[in-house]
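Using the sequences and the accompanying hints, generate a full structural model.
Line by line, the protein sequences are chains A and B. Each residue of the first sequence is one higher than the one before, starting from 1 at the first, in our numbering. Each residue of the second sequence is one higher than the one before, starting from 1 at the first, in our numbering.
Keep in mind that the hints were calculated from the coordinates and are not lab data. Values in this document were obtained by computation on a predicted structure and should not be read as measured data. Don't take each hint at face value.
[Claimed, not checked] Quick list of in silico lysine-lysine cross-link-like pairs, DSBU-like style, CA-CA up to 35 Å:
#, chain 1, residue 1, chain 2, residue 2
1, A, K229, B, K140
2, A, K81, B, K184
3, B, K140, A, K145
[What the hints assert, rightly or not] Over 10 Å on every C-beta distance to chain A, these chain B residues come out as not near it, computed from the model:
#, residue
4, Q21
5, R24
6, D27
7, A75
8, R86
9, R91
10, E134
11, L167
12, L185
Where a beta carbon is used, it is the ideal one built from N, C-alpha and C, also for glycine.
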Amino acid sequence: MSYYHYEVTDFLEDHYFKSWVTAPCPESEEFWKNFLIRHPEKMEQVAQAKGILLGISSDMEAGFPTDGLVADMFEEIMGRKDRPRRRQIGGLWLRLGASLTAAAVVLAVIGWLRQPNRHDNHVSYHELVSAVTEPLIEKANNTGKPILLTLPDKSAILLQPNSHVSYKKDFMADTLREVYLSGQAFFTVTKNRERPFVVYSNELVTKVLGTSFMVKAFEDARQVEVCVKTGKVSVFPRTDTEVCEGIRTPHLAGTILTPNQKVLFSRDQIQIRKELVEQPEILVSAVLPAPLLKFQDMPVSKVFSNIEETYGIDIVYDNRSFEQCLLTASFTNENLYEKMELICKGIEAGFEVADGRIIVSGRGCD
Amino acid sequence: MQKPGYLASSFTDTDDRVLWQRFRQGDEEAFTLLYQRYVRVLYSYGKKLVTEDMVVEDLVQDLFIDLWQSRTRLADAESPRFYLFRSLRRRIHKACNGRLSERWEHIDEDFLPVTLPKESEIIESEQFQKQKDEIDAWLKSLPGRQYEVMILRFYQDFSYSEISEILTINEQSVRNLVQRAVCKLRQLTISLCISGLLLFLLK
Numbered sequence: 001m002s003y004y005h006y007e008v009t010d011f012l013e014d015h016y017f018k019s020w021v022t023a024p025c026p027e028s029e030e031f032w033k034n035f036l037i038r039h040p041e042k043m044e045q046v047a048q049a050k051g052i053l054l055g056i057s058s059d060m061e062a063g064f065p066t067d068g069l070v071a072d073m074f075e076e077i078m079g080r081k082d083r084p085r086r087r088q089i090g091g092l093w094l095r096l097g098a099s100l101t102a103a104a105v106v107l108a109v110i111g112w113l114r115q116p117n118r119h120d121n122h123v124s125y126h127e128l129v130s131a132v133t134e135p136l137i138e139k140a141n142n143t144g145k146p147i148l149l150t151l152p153d154k155s156a157i158l159l160q161p162n163s164h165v166s167y168k169k170d171f172m173a174d175t176l177r178e179v180y181l182s183g184q185a186f187f188t189v190t191k192n193r194e195r196p197f198v199v200y201s202n203e204l205v206t207k208v209l210g211t212s213f214m215v216k217a218f219e220d221a222r223q224v225e226v227c228v229k230t231g232k233v234s235v236f237p238r239t240d241t242e243v244c245e246g247i248r249t250p251h252l253a254g255t256i257l258t259p260n261q262k263v264l265f266s267r268d269q270i271q272i273r274k275e276l277v278e279q280p281e282i283l284v285s286a287v288l289p290a291p292l293l294k295f296q297d298m299p300v301s302k303v304f305s306n307i308e309e310t311y312g313i314d315i316v317y318d319n320r321s322f323e324q325c326l327l328t329a330s331f332t333n334e335n336l337y338e339k340m341e342l343i344c345k346g347i348e349a350g351f352e353v354a355d356g357r358i359i360v361s362g363r364g365c366d
Numbered sequence: 001m002q003k004p005g006y007l008a009s010s011f012t013d014t015d016d017r018v019l020w021q022r023f024r025q026g027d028e029e030a031f032t033l034l035y036q037r038y039v040r041v042l043y044s045y046g047k048k049l050v051t052e053d054m055v056v057e058d059l060v061q062d063l064f065i066d067l068w069q070s071r072t073r074l075a076d077a078e079s080p081r082f083y084l085f086r087s088l089r090r091r092i093h094k095a096c097n098g099r100l101s102e103r104w105e106h107i108d109e110d111f112l113p114v115t116l117p118k119e120s121e122i123i124e125s126e127q128f129q130k131q132k133d134e135i136d137a138w139l140k141s142l143p144g145r146q147y148e149v150m151i152l153r154f155y156q157d158f159s160y161s162e163i164s165e166i167l168t169i170n171e172q173s174v175r176n177l178v179q180r181a182v183c184k185l186r187q188l189t190i191s192l193c194i195s196g197l198l199l200f201l202l203k
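Below, the structure written as structure tokens:
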């Protein structure tokens with residue numbers, strides 16, 4: 001077939017054309033130059049096809065990981081590739097190992113319970129701190145206002161009144177950046193994949209690589225609370241030995257929290273519950289679409305997915321019953337729940353928040 | 001003009017198949033080579049679908065770890081590249097727990113969350129810059145799914161049937177997505193100044 005009859009898509013599909021664009025050689029340069037001199041009317045199509053190929057490839061290359069990241073990821077892969085996968089019982093040895101670990105935990109718990117004056121499984125800040133052998137630096141906030149602390153790795157801690165933090169004097173010496181907290185603090189952690197940042201608060205462990213989040217863990221409270229503002233955070237009870245083993249790796253296990261989510265850890269039941277924060281905020285990001293402000297006759301699924309993206313949360317609903325629903329509305333400065341209320345009113349539905357997600361139910365529109 | 005080093009066509013499928021065979025027999029060097037060969041495009045592709053860098057990192061790492069651990073059970077795949085892309089795509093789908101399908105697969109009008117390079121070595125003249133800006137604007141305005149198909153078809157050189165398997169949609173839908181994407185560009189660049197084109201093409 002002659003190139004003269006080609007449209008943009010035909011050029012894109014053509015091997016010879018593609019090889020000229022991606023790896024031109026003298027022959028192909030000559031060929032296409034002559035072609036265009038003979039058929040200048042095809043110039044626009046050729047230009048578009050060429051532009052598309054180059055545009056996509058430069059966009060893809062802009063997303064390539066840095067060499068450092070490629071090497072880091074490879075190291076992580078090589079380190080983990082021969083380790084048995086989690087949640088997979090493979091053979092007698094592993095099972096035996098698991099029961100031995102369980103036995104060790106039972107023994108440890110018995111030992112714990114035998115200590116005088118101990119009626120529960122609570123771990124206090126002082127117990128955590130006294131178990132550390134290296135010298136520690138302790139900061140306390142006995143004022144009425146929050147105080148700002150900076151760690152040697154440039155991470156920041158906003159420490160609330162009646163709260164303490166401790167960390168090793170030689171903070172940067174270990175592969176883990178460890179902080180012990182009693183009370184409430186907001187952490188803004190400098191990203192460092194090689195040195196996971198870990199906060200021990202009562203019985204709960206929070207692990208991050210670089211992000212910002214709040215931990216509330218007062219000694220006499222029944223719950224520990226962790227809220228995420230940016231990035232990804234992993235939380236797990238100290239008793240989760242499986243996750244604790246992998247604490248030094250950049251891998252995040254346990255319960256994973258993303259922005260606008262929080263967990264409540266019940267200290268008595270050793271139970272983690274995921275929820276949304278009280279006042280979910282629109283995520284600040286250049287790559288996410290803008291929040292919808294005004295729309296007319298828009299399928300409700302589109303409105304929901306815009307909210308999902310801009311707040312980074314999940315909305316669960318039955319797509320079949322709501323697919324006919326069209327919505328016209330405009331938002332000004334409503335918060336997430338006010339927006340959901342308006343939308344649900346429009347489609348005669350109700351919503352509830354459970355397990356960190358919003359669940360919408362109703363008859364739908366026909 | 002600099003030749004892009006990671007285009008699919010830079011490697012022949014025969015090369016890949018030899019590597020794949022060696023890798024399945026437990027050859028770490030072959031595994032390393034496969035990783036080096038594909039980690040960049042896989043990562044970049046993943047980033048088009050998932051905005052969080054760390055999630056993409058985890059998914060790509062897990063992909064290779066699982067690949068190694070299940071090497072003896074793997075079939076004599078015709079194209080390791082296809083296997084890797086399909087597997088990563090499924091992982092992303094699973095990790096996003098259906099959220100991706102809402103945002104990436106059904107929505108046609110939304111803006112594509114991509115960042116485009118500000119500068120590139122291929123920019124060599126003002127005219128070219130103008131053309132390039134238009135293309136960039138176009139890429140930005142393409143709905144996610146259409147752009148994904150363009151990447152798989154024209155950057156990774158997958159066949160329509162391979163793409164339909166990667167995305168688990170039928171082949172005709174893949175063709176339609178490509179057509180729609182190209183159509184959109186045509187509308188956008190109809191006003192292009194023709195005088196600049198010759199320069200752009202014959203640089």
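Tell me the numbers of any earlier hints that the structure contravenes, in ascending order. 2, 3, 10 and 12
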